[in-house]
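A.B. asks: Given only the sequences and the hints, what does the whole structure look like? Please build it.
As you go down the protein sequences, you meet chains A and B in turn.
Residue numbering for the first sequence follows our numbering, starting at 35 and increasing by one per position.
Residue numbering for the second sequence follows our numbering, starting at 489 and increasing by one per position.
If you're looking for bench data, these hints aren't it; they were derived computationally from the structure.
Quick reminder that beta carbons are idealized off the backbone N, C-alpha and C, glycines included.
A portion of the hints provided could be inaccurate.
Quick list of the computed label-pair ranges, beta carbon to beta carbon [what the hints assert, rightly or not]:
{"#": "1", "chain 1": "B", "residue 1": "1341", "chain 2": "A", "residue 2": "103", "range": "42 to 50 angstroms"}
{"#": "2", "chain 1": "B", "residue 1": "580", "chain 2": "A", "residue 2": "233", "range": "19 to 27 angstroms"}
{"#": "3", "chain 1": "A", "residue 1": "225", "chain 2": "B", "residue 2": "1309", "range": "25 to 33 angstroms"}
{"#": "4", "chain 1": "A", "residue 1": "168", "chain 2": "B", "residue 2": "514", "range": "43 to 51 angstroms"}
{"#": "5", "chain 1": "B", "residue 1": "771", "chain 2": "A", "residue 2": "234", "range": "54 to 62 angstroms"}
{"#": "6", "chain 1": "B", "residue 1": "517", "chain 2": "A", "residue 2": "351", "range": "36 to 44 angstroms"}
{"#": "7", "chain 1": "B", "residue 1": "664", "chain 2": "A", "residue 2": "233", "range": "42 to 50 angstroms"}
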Amino acid sequence: MSGASGKAVRETRIVTRRLHDVADAWRYDVARADGAYDTWAEVLRRADRADVLGQVKTSGLRGRGGANFPTAIKWESLPDVSPRYLVINGDEGEPSTFKDREIIEKDPHALIEGVCIEAYACNINTAFIYLRGEFALGHDRVVQAVADARANGWVGRDIQGSGFDLDIIVHRGAGAYICGEESALIESLEGKRGMPRIKPPLPIHSGVYSKPTVVNNVETVATITHIMKMGGDEYAKLGVGRSTGTRIAAISGHVQRPGIYEIEFGMTFREILFELCGGIRDGRALKFFLPGGASFQWLVNTDEHLDQVYDIDDISAKLGTTLGSGAIMVYDETTDPLLVAWRLAKFYAHESCGKCTPCREGTGWIEKVLYRMSHGQGRPDDMDLLLAASASISPDVLRAPFTQTTICPLGPSPVSAVASLHKYFRAEVDAACAHANGRARTTIQVHAS
Amino acid sequence: MTATESPAVAETTVSVTIDGITVQARPGELLIKVAQDHGVYIPRFCWHERMKPVGMCRMCLVEVDGIRGFPPACTLPVNDGMVCRTDTDGVKAAQDGVLELLLINHPLDCPVCDRGGECPLQDTTLAFGPGESRFVEEKRHFEKPIAISDLVLLDRERCIQCARCTRFADEIAGDPLISFVDRGGHTQVLNFPDEPFASYFSGNVVQICPVGALTAKPYRFKARPWDLATVETSCTACAVQCRGALQSSSNRLVRLLGVDSDPVNQGWLCDKGRFGYEHVHAESRRLAPTLDGAEVSWPQALDAVAAELKRERGLHGGSTIAVLGGARGSNESAYAWARLAKGVLGTDNVDAQLGEGLPAEVVLGLPRAQIDDLDRAAAIVLCAGDLKEELPVLFLRVRRAAVELGVPLIDLSAAPHGLSRHVTHPLAVAPGEQGAAAAQLAAALRGGTTPDAAIAAAAAVVADRPGDIVVVLGRPSIAERAEPSVQAAAALAGVPGARFLTALRRGNVHGALESGLAPGFLPGRVTLAAGRDRFAAAWGRVPEAAGLDAEGILRACAAGTVHVLVLLGADPLADFPDRALASKALDTVGTVVAVDAFESDSNRRAKAFLPCTLWGEQSGTVTNLEGRVQRLGRKVSPEGIALDDWRIAAELAQRLGHDFDLETVDEVTDELAAVAPAWHGASAALVRDARDGVVLPVAEHRHEVVLRRVGRALGVDDTPSWEPIKPDARPPVSHSLEEAATDGAPAEISTEADPADASPFGLPIELFRWDALAPTRTVPPRDAYALRLVVSHSLYDGGRVVQESPSLRGLASAPVLMVAAADAQRLGASNGETVKITSARGSATVALRAVEGVTAGTAVLATSAAGFGATELIDAGEIVTDLRVESMR
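C.D. replies: Pasting the structure below:
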């Protein structure tokens, strides 16, 4: 079936094939029988590092963590300094994002094979897999998988007689969302409090223990194996524009069939939500949806938004939002957008690491104001207050991608919700806050200016 | 910065445009600093010149061409062509926003806050803030305040999370005992459970806190900042002599803040120095002169003492009189007492040390290093006691050199110490055997071969690095005689380029030795023989032969050959290593005259007690361990009728028929500068006007002198206390006296090329150089059943500064005997068990602890408060002290 986008309206299961099709793929024997490590063996046999880099470059693969940075370019900027490190960011903590978790729990050997190939390509001998603390099952399975891979000669000293050494160290986080930010993750990995570092220097120049470090997302790494298997050219044929290949979308909320969908770039949101996911549940109408996880601006039930193509660059250029971490949250007509905004703000206020003043204090303030607005105590000028307070974190509140007064993008994240309320639900918000308590002013004049 | 560094700096600069004005800066310098140096103040809270930037507070956001958004100026290194604006609407909005956010959870309890009135948050809000708040919810609450140590309290509601304190504790002090916990709006600084912020440097975090979150117990609610009067001074709690801003309110000392003296303390103080001012106002101070225990007037007391001295001089020619002490006071006091003893009484039995330091010829005659040389050294050789306990800010400087600048540390210590973890080359030396180890090291450093792999490795590292070797030479333990240290000094002095910092602890011991309070020496680093003619002309007479040092004086007292002993602030019973000898000396000597502020065991039975002024009540100069002479500030008038030591000496001299003709302390300084060869070219006025003081010998270091702004008075009132307080906030006039002359320097500063012309006492004398002949006495072998004793000093000791300061008195920990785990096991003693220790001299009981880092065969006795007499175990005649340790079970 081909939809309005011209793309087939179906999943294109490349990275997620095994975890869907093979029961107990997390077991070494099962995964091996399905071809796990064949590609790694082939890469070692060919012993051509430049070829791996070339294939990944040709494939156009971009980071799947949310920043969309071209993977091959990151590798190429790795300084020739020893030791260097590879870090896999498995601290998937963004609300509604659960695609890496599927790979981690159900197909850990896909992750490890990708780590091996990437480490080989970048000539790195130590890789860290940093897993979100809450991933208890995932942690057990990755630890077991690394042990099995080591026992079977895919990881360790002189792998398959190639002379190449690779140690993989699995590290479990302690429950902080901020550790998904790569420099905070590195701090945490080093045993310190997870707080983002000042950049520059970027991790690629000075990361773990101040050594050059490549940090890649789980999905990105898992994709590399398939690029090597099918060839960069073939992979690049999938997708649209500079958004090549597939993306695992984690779709949640008021759709008939929530879950993970590996989709080829280029479908429209209408096709994804209404055909793949079966439309809005209980026969209700769509009210709004978050196209790129919790941190970016929302979209609503208009033709313009629903016919937007799932394309990293196109959505950013046209609608000022991004595909972020690959999560789509869908809300039906019964949803109070103020409550959604408040709950998101509450998450960010709780997860702010406390380093930058605007985020530490500002996210908490936004949360408090949104709380009263969403709980019947809003004041008539609260929406303007929110916009003003947000401007201290993200000076051009409505602009996307946002500017920021903070080190990392956590602080501006709840501002996306504020901006979305203002852009799409201003009348509804003002109505909800028109009468509460009868108090008109929220400003306390300290002295005459 | 010295004049020689300036041209190198000028060679590589980049152009940076700040608010339309193009300035030159060093590449890589931070934008916030460049702007500040050129008069553009970018508001900030977290950034501190002496620490790494962290970019937390976001107060210093600016706009920079080519950078999206608002980068913080504190983390942005400048590069050529950078164009920055600090005054745009966007920047102002960002500043407004950050301040509004900082204040939403700030309690605004300014009326009862110690910081109120000198608070950066207040000042920055006034200058850059929005003036109103739109926050109407409940503020964040914490219990307030909580004590994070015995000296520091934390109010987490006031905290703005700038990380200055946590970074200081970690980066500078090496005591990472406070940290952020929790997150978001609940982020707070906290110590770890059951682990207080017990850092020797904890007071610094109070000073650098940009709000009133951290307050110091001794100062809390004592004053309002606008009531404080300030004078710049040097701390004399130890021989580093950190620069400080001493503040009083209603004629009471209430606070000492660190002044950022680049060559010395770089803004930091230790807690003993910071809070020790309390002892000046101690209840127990003796404020009236007494004769045989009865209070008398000053004339009565001085007449009686003068009569006694006169009688003794008449009967025995003066050599039966001895003077011990003087390391506590000013250079002027030491000089006046040296002149009284040597020029009037005719005795050379004078010693400012109490047998716990190094021979004067070693201290005065070794090639000197400056503290700053540590930063540029090829290697630092540690051959001293625990610097963290004895000279805390020198510890910070060595630590910085090792940790931040990568200077190798070669360690000849017999006991673990505060720098052990940073030592790159531990040479595992047994107590008393550093001489032999140093000889091997010196041979290797001169290019010889050595069978010892550790020594060879150390020598190899040094060979690969530019710069000189700086030896930190002290007396590691009073349980061993000075000879092993002298042997080490002699060996290392033979290494080309080796220079020495003498790690003697007492506040002005170096100044006292330089001013003549040492046997065989006259003021200004000359021997009796070399300076005889010059000082005979100046003083009228000079002793015939070199006299006795402290040990000799005490032995002579005990033998009855010294009849009159003057204790110039000295307490030999507490401080001389051999208490039995000191006790016998004091029991036997005929007359004791005490010049002191407190009663002690040693002076309790003195015939005459002459109360003297203390630090804070005195002006004058002091000299630190690198030979840097700086000015003391007098902040309060003396308690009671106490007199300056130098004036007591002058009064006594007058009664003995010698009019010193000295009316003010500046006149004493000028006389010292005129007669003392090492002081040639200096004067009271020069010391006052030199920003970082004057290093002795002045003739060698004149080019380093940086003058304060002409016409500027001493004082730091216009520098906010939380910023690094500069001795002079404005740029120096010039880098040398010669330039100053053309620049309109004050007329009273001598700028003559040949300073000898200024002296009425003839041409300069060549300064004393030690011949570096090592004593040959060797260390006897240790028997297998004994442990060789190391007595380590503690910062919070039994001395007057600690014991008379209420805030410090309780900090001393109980004495403990530290041994290697293997030795504890051999002794059958468990950790914490009380054991009996016995030396040839005496015995005591003490808790035993097995400690990693202590070498087998060694016992380290950590003494602290008064009451436990390690000195009861020591025989001053023995080169080392061996202990039997017995379990008492």
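A.B. asks: Next, verify each hint and record whether it holds.
C.D. replies: Here is what the structure says about each hint:
1. B:1341 x A:103: 42 to 50 angstroms: At roughly 48 angstroms between Cβ atoms, residue 103 of chain A and residue 1341 of chain B fall inside 42 to 50 angstroms, so the hint holds.
2. B:580 x A:233: 19 to 27 angstroms: The hint (19 to 27 angstroms, Cβ to Cβ) holds, given that residue 580 of chain B and residue 233 of chain A are roughly 25 angstroms apart.
3. A:225 x B:1309: 25 to 33 angstroms: Since residue 225 of chain A and residue 1309 of chain B have Cβ atoms about 27 angstroms apart, the given range 25 to 33 angstroms holds.
4. A:168 x B:514: 43 to 51 angstroms: 48 angstroms Cβ-Cβ, so the 43 to 51 angstroms window holds.
5. B:771 x A:234: 54 to 62 angstroms: holds, 58 angstroms
6. B:517 x A:351: 36 to 44 angstroms: holds, 39 angstroms
7. B:664 x A:233: 42 to 50 angstroms: Violated: the Cβ-Cβ distance is about 24 angstroms, outside 42 to 50 angstroms.
Hint 7 from the list above is the single one not met by this structure.
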